[in-house]
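Q: The opening residue of the sequence shown carries number 333 in the working numbering; numbering runs sequentially from there.
Watch out, some of these pointers could steer you wrong.
As the list claims (entries may be wrong) - In silico lysine-lysine, BS3-like type, Cα no more than 30 Å apart, as pairs:
hint, residue 1, residue 2
1, K585, K570
2, K492, K432
3, K539, K570
4, K492, K456
5, K552, K570
6, K432, K376
7, K456, K432
8, K362, K376
9, K362, K473
10, K479, K456
Think of the hints as simulated: they come from the structure by calculation, not from any bench.
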Amino acid sequence: MEYNSYRRDHPIDSLERQLICPICLEMFTKPVVILPCQHNLCRKCANDIFQVMNNPLFTDHLSSSRFRCPSCRHEVVLDRHGVYGLQRNLLVENIIDIYKQESASSRPLLKTGHPSCEEHEEEKINIYCMTCGVPTCSLCKVFGEHKECEVAPLSDIYMKQKSALTDGIGALVTTNDRIQAFIDNLQGTCRNIEDNSKAQKQALCEKFDRIYAILEERRKIMLQRITYEQEEKTQHLKSLTRSYSEHIESSSKLVDAALQSMEELQMAVFVQVMWQEAEWPSSSHSTLGLLLPRRASTLCFPEPRDEQGRGKS
Numbered sequence: 333m334e335y336n337s338y339r340r341d342h343p344i345d346s347l348e349r350q351l352i353c354p355i356c357l358e359m360f361t362k363p364v365v366i367l368p369c370q371h372n373l374c375r376k377c378a379n380d381i382f383q384v385m386n387n388p389l390f391t392d393h394l395s396s397s398r399f400r401c402p403s404c405r406h407e408v409v410l411d412r413h414g415v416y417g418l419q420r421n422l423l424v425e426n427i428i429d430i431y432k433q434e435s436a437s438s439r440p441l442l443k444t445g446h447p448s449c450e451e452h453e454e455e456k457i458n459i460y461c462m463t464c465g466v467p468t469c470s471l472c473k474v475f476g477e478h479k480e481c482e483v484a485p486l487s488d489i490y491m492k493q494k495s496a497l498t499d500g501i502g503a504l505v506t507t508n509d510r511i512q513a514f515i516d517n518l519q520g521t522c523r524n525i526e527d528n529s530k531a532q533k534q535a536l537c538e539k540f541d542r543i544y545a546i547l548e549e550r551r552k553i554m555l556q557r558i559t560y561e562q563e564e565k566t567q568h569l570k571s572l573t574r575s576y577s578e579h580i581e582s583s584s585k586l587v588d589a590a591l592q593s594m595e596e597l598q599m600a601v602f603v604q605v606m607w608q609e610a611e612w613p614s615s616s617h618s619t620l621g622l623l624l625p626r627r628a629s630t631l632c633f634p635e636p637r638d639e640q641g642r643g644k645s
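Work the whole structure out from these sequences, hints included.
A: The structure is reproduced here in structure tokens:
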């Protein structure tokens, strides 16, 4: 009977799957060590990974006292005792012993650990057919369907494939560690970019706040200056308006008096009145000249200037 068909005829139940080492893919071999992440490994498998990590072919800048759990990728830090410093999981070891005892009668495979050939029931599977790629027995090579095939001792193939698998696992673990370190570096760079961007945004906002405060203060000062100029010139114009109004009133009275004089029929009286009022028109024009502004610029607002006193261009 071939090994693969035997495995298909006897599927692994849920309990046995929990007792499978993720490295060798076989039931845990005592002693069983428990990692800080609570996953378990055969101590031999853990030591294989540890030795691979110390291999110059795989070791780069990573510390040889570290490796990642093959189940969850959690980083395991070893002390000076290496894998022998990891705590043994006695509970799992006891469960394995009980499981083997309970299943010994129904599953002789677990008892012997060595399946028999389907064609030759008394023969153990001890060779590996290189041509067909399946385990078989010696009689199959001599008399059976594999007599024309190239075969090799099963133990040699087992050690060769397990060594290749161990090397592959070590290479994958090392590669994953390097990739994880690169990912950590990228994440750190992203955090630095975000922190720098946040700091630059804050500095920019603070700078604009200061500029806004300066502009707001200048706006208030200029508004106060314009308001002062407005009130000053408005008062001046109102004063001129009152003076002009008084002048118009005086001139109107003068016109009324002149019109009344024009109605005087007696020449002597008319001449006497005109002699008394001869200075009125000249006096009125003189007063008007004093009231009128000499320069129109006195009624204009000054041009806003900057802090150095320069006018707006």
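Q: Would you check the hint for K362 and K473, treating anything up to 30 Å between C-alpha atoms as holding?
A: Not OK: K362 and K473 at ~35 Å, beyond 30 Å, violated.
Q: Check whether the Cα positions of K362 and K376 lie no farther apart than 30 Å.
A: holds, 9 Å
Q: Decide if the proposed pair is consistent with the structure: K585 and K570, CA atoms, cutoff 30 Å inclusive.
A: Satisfied, since the Cα-Cα distance of roughly 23 Å is no more than 30 Å.
Q: Going straight from one Cα to the other, do K539 and K570 come out at no more than 30 Å?
A: Roughly 46 Å separates the two Cα atoms, so the pair is violated.
Q: Given the hint that K552 pairs with K570, test it: the Cα-Cα distance must not exceed 30 Å.
A: This hinted pair holds, its Cα atoms lying about 26 Å apart.
Q: Given the proposed pairing of K492 with K456, does the C-alpha separation stay at or below 30 Å?
A: holds, 20 Å
Q: K432 and K376: Cα distance at most 30 Å?
A: At roughly 20 Å apart (the allowed maximum being 30 Å), K376 and K432 satisfy the hint.
Q: K456 and K432: Cα distance at most 30 Å?
A: Cα-Cα ~21 Å, so holds.
Q: Run the distance test for K479 versus K456: straight-line Cα separation, threshold 30 Å.
A: Status holds; Cα separation ~17 Å.
Q: Is the straight-line distance between the alpha-carbon of K492 and that of K432 30 Å or less?
A: Answer holds: K492 to K432 is near 28 Å, not above 30 Å.
Violated hints for the displayed structure, listed by number in ascending order: 3, 9.
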